[in-house]
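Novice: Chains as they are written, first to last, in this note's numbering: chain Y, -2 to 337; chain B, 432 to 819.
Calculated directly from the structure, the hints in this document are not laboratory data. Please note that a few of the clues may not be correct.
Examples of chain B residues toward chain Y, derived with CB under 8 angstroms [said to hold, decoys possible]:
1. 472
2. 475
3. 476
4. 482
5. 486
6. 593
7. 750
8. 798
9. 799
10. 804
11. 810
12. 816
For clarity, every value in this text was computed on a predicted model and none was experimentally measured. Every residue, glycine too, gets a C-beta built ideally from N, C-alpha and C.
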Amino acid sequence: MNKKKLRLAIIGAGMISQGSHLPAALGSSRVIVTAIIDPMVERANSMAREYGLKATTAKDISEVFDQIDAVVIATPNDSHAAIAITSLSNGKSVLIEKPLAMSTKEGEAIMVAAEKSGAVLAVGYATRFRNNIVCLKKLLDRGHFGKVRRFVNCFGSPGGWSPMSGYNLTKDSAGGGVLVVSGTHFIDRMLHFWGMPDKVSMLSDSKGGPEANCHCTFEYESGLRGGAIFSKTTALPGGTVIDTESGIVMLGEFDDSEIIFRPHNAPDMEEVIHQKGKTTYPVDADSFNMQMDDFVSACLDGQEPMVSCEEGVQSLRLIERLYDCAEPLPEDWFTQEESV
Amino acid sequence: MSKVAIFGASGFVGATLAERMLEKGEHEIVPVIRSPGNAWRLSRHNMDLCQADLLSGQGMDEALKGVDYVINCTRGSNNDMLQGLSKLIKASKQHKVKRLVHLSSVMVFGDPPVAPTEDSPIVEQSVETYGGVKLKQDKMVITAAKEGLSASILVPPNISGPYSDYLLGLLGTINSGEFALMDNGVAPSNLVDVQNLCQAIELAMTEGRNDASRYFITDDETTTWSDMIGDLQDLQVTETEMMSISRSELEQAVIEPPAAKGSIGLSMKHLVSSHIREALRKDPLWEKFDLTMRGLVASMGSKIEDTLRLSIEGEALVNKRKEGLKFNARICGQQLREGRHSIARARSELGYSPEVSYRQSMDNFKTWYQRLHALDGKFADMLRQLYS
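Here chain B stands alone, though its shape is the one from the complex:
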């Protein structure tokens, strides 16, 4: 029986994989967690959990002792993801693991991720973005593979199924009335059910190329945003109405305004602004200084005082009331990520074949959501009051 270490085992994919492998009993698993607070989904099985910190290296040797395969499902801050993977690669080499399976994202191909196949051109991105960090991670794994580490990179789109953070985020936006459906929802929605992704992870441990080649893993269905949002509306607990929006309106809304340019003059203005002075006045010496300065300015007459004040604070601002659509641009903007990703390579080289259909996946999510929120039970009418 081979031994599999799952890093990020308390997360959505990691926990699903650990539960699935536990049930199948084909592998000895080492669920690796960073802290015990989020490990409830695993600890309920009374399974041995391994606490290790990728960044400090604490517990890593214990976690990788005798391990054949390493699965990287970790997430975190940009810095944690990069430093953590670097340490994980190093440790995997030291422990001579048979293969590292790394979870990437379609966002490595840019936003929108235009990539019909894995060989589509990569768009360089800032490491401040999620796609940029995932791309840098991919490059680290590819370099490690060139140096001899057997590795595989799986590239999923948004992940659905029970516990899906992605679907929960969408549902939250629908419930808060901040979702606007673009062009009646005709845009394709790219999803992979978490069980399908887990199946691909299991296959990638032993099948396919070992040179850190990428494999798209999706449900391989032609679903649209209309399908997905329609399903989620079945779970809506508020009475908000769905907004409609055109592609051009959405494109306009998601374009970010250029960042303000810094200047010494502007910085000086910020330094003497009322907010900064208010904070400084909490210190008795600064308070004295501020009082003296204010007295000095006041003694120059109201005209000079007003001129100085206006040059620092600017004229009084009136907030314009927002008109028209009010939607969550970050979430709704995902409808602009059109295009499908072929799973032909995963089918032929890994033997991947989606075992859960879109229909099943959404039904599973709905059952899970209603059950754990007790919205299918006898107190559902009262619980709904908490959402409104």
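Only chain Y is shown next, with the shape it has when bound in the complex:
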């Protein structure tokens, strides 16, 4: 292991930086946070004060290039590409909070910049660093449950996450609605598990702005069928359900959710499956901490990051395909005819 320390800049002093990226960086013995960047410098100063940091604060990343080796980009989605390309062009490694960019085109431009610079580019799909996801992937790859026939993911909460910038309120700054803000995590995991679907469809409640609800379906040539339900107006029971040859597999949406298996031949029973012996990550690990460790190892030890730029671009491709075919989600509940 390289004993050098990574000099890191956190770009964007919003909620995700305050609550997740900065604590993850400060918790690593291999990172020195040397700069905090935000167009509203007072916000960056406030975050530095909150954590007792003596980091440089600035409006723009170009002001601190001589003080850093890498950056975490946690800004509104519409600024990801420009900041990433500038940073990579200056030889700085980059961890970008999901989604990678606003469009496939932007994502590909980032990929070109990363290849040219030789610096690390990792995409912040933190849920990949959950032990339960690592374990489920192994089980699926080994065909433990037999053939997978269908899967569905469901995730919804009435509001909740309230970014300081309010970037979620417009398509221009978010690049989409609930599919981009919440659903992209499952889209990434779905591609990780089963690859790119052949046919997709989507129902969306957008009336010109970012959709608050969407229902997606996926079809694979192998016969596998999938669905995803995302909501920002309604509390939904979060989790993934997989219908396999031998039974139903379920996994909740938390770092410590258990993999539950309900066999078809014993519908009143269920088993809990977990990794035997040492888990990939510590049992109580925070996924953002693991993501930071992964990024630091990629930067200092030359290890491949867990989520590559290409995978980030694949997610953008699928999201674009879904938006391209989106149809209105019927909202006929205010026009119900009188029941007889």
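Given chain Y's structure and the hints, the job is docking chain B onto it.
Specialist: Chain B alone, transformed into the frame defined by chain Y:
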């Protein structure tokens, strides 16, 4: 075209009103939100949202610029509701709005809210209760009206229809098996559909008295808890069975035990209890002190040690296993709120006439619920697994 500012626009009533007014296009609307996190239902329309904070006053002048009517649908902590309304009244006066329409609650008449008409006697309540806070709000609006602010107070019971938090709460209790139906559900259920309430809000902007008189707004139907629970059971996704309970059992369950009286002796006991000492031991100095004290007590012999320990901690407690019914007393206790509220005043003075029947309202809720939960789609069988 008049300009209407809806405060609390990202909430259940506020968002429904904003969507309804947007669709009708009769008013220029200013949906006022406190934070962007909950505004998804509105932002999907690509409408301009106005971010303002009632408590700090930030953004208020912008929100009320040129506004004719102000609708107060805000909710929040007790303190936020009182301070927020005080600031809203002040700002409405400053901006010379034509009328403030304030949403109150039947709970201002006490719990149970015994009030056949708006002139029924008001029961003073603690401001720690929801009814107490809403009553204090009413008084603030009435005082403002006496000082010259044109105002109207609408008094709804529980609000139904798509997005209804109230119905979602009941359904959650049914799904978790914690609902008990009292006396076969014969008690009246007082509801107002959110569209009916929105209709009344629109009317109250220009019609009726402007002296902060109260108007009951209900569906004006004789529905019972049996009707309502029966409808919600159609959406039940778990296999739990509905419990039955008698009025006397329910009354007994919802009576709160008297709060424990404080005493210096009791407080001292709490201070030296094992939980407090455990927390203090995390500090090295307190840990040393605690160790010394424990050593001192141990040196006095086991009998004295036991006597001291028992006087602080008390004897070992055994949790009694609960027998019989196990239901959510807070939710189920609402069945004791009997009585109807006449909407005669709203009919005659506002011109209010419920446009959505109870039947339509529940059908709308069911369609909405099943659609947004995708329980009417091709993955419904799998999604149901997540509820069990």
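Novice: Take the hints in turn and mark each one as holding or not.
Specialist: Checked hints:
For the restraint placing residue 472/B at the interface with chain Y, the shortest Cβ-Cβ distance is roughly 5 angstroms, inside the 8 angstroms limit, so the hint holds. Below 8 angstroms, beta-carbon pairs count as interface contacts, and residue 475/B has one with chain Y at about 5 angstroms; its hint therefore holds. Hint status for residue 476/B relative to chain Y: holds, with the closest Cβ pair at about 5 angstroms, below 8 angstroms. Taken as an interface hint, residue 482/B checks out: its beta carbon lies about 7 angstroms from the nearest beta carbon of chain Y, inside 8 angstroms.
A cut of 8 angstroms between beta carbons decides the hint on residue 486/B: the least distance to chain Y is about 16 angstroms, and the hint is violated. Nearest Cβ of chain Y to the Cβ of residue 593/B: about 5 angstroms, under the 8 angstroms cut. The hint holds. Taken as an interface hint, residue 750/B does not check out: its beta carbon lies about 27 angstroms from the nearest beta carbon of chain Y, beyond 8 angstroms. At its closest, the beta carbon of residue 798/B sits 4 angstroms from a beta carbon of chain Y; the interface hint therefore holds under the 8 angstroms criterion.
Interface hint at residue 799/B: satisfied, since its Cβ lies 4 angstroms from the closest Cβ of chain Y, which is below the 8 angstroms cut-off. A least Cβ separation of about 6 angstroms between residue 804/B and chain Y falls short of the 8 angstroms threshold, and the interface hint therefore holds. About 4 angstroms separates the beta-carbon of residue 810/B from the nearest beta-carbon of chain Y, less than 8 angstroms, and the hint is met. Interface hint at residue 816/B: satisfied, since its Cβ lies 5 angstroms from the closest Cβ of chain Y, which is below the 8 angstroms cut-off.
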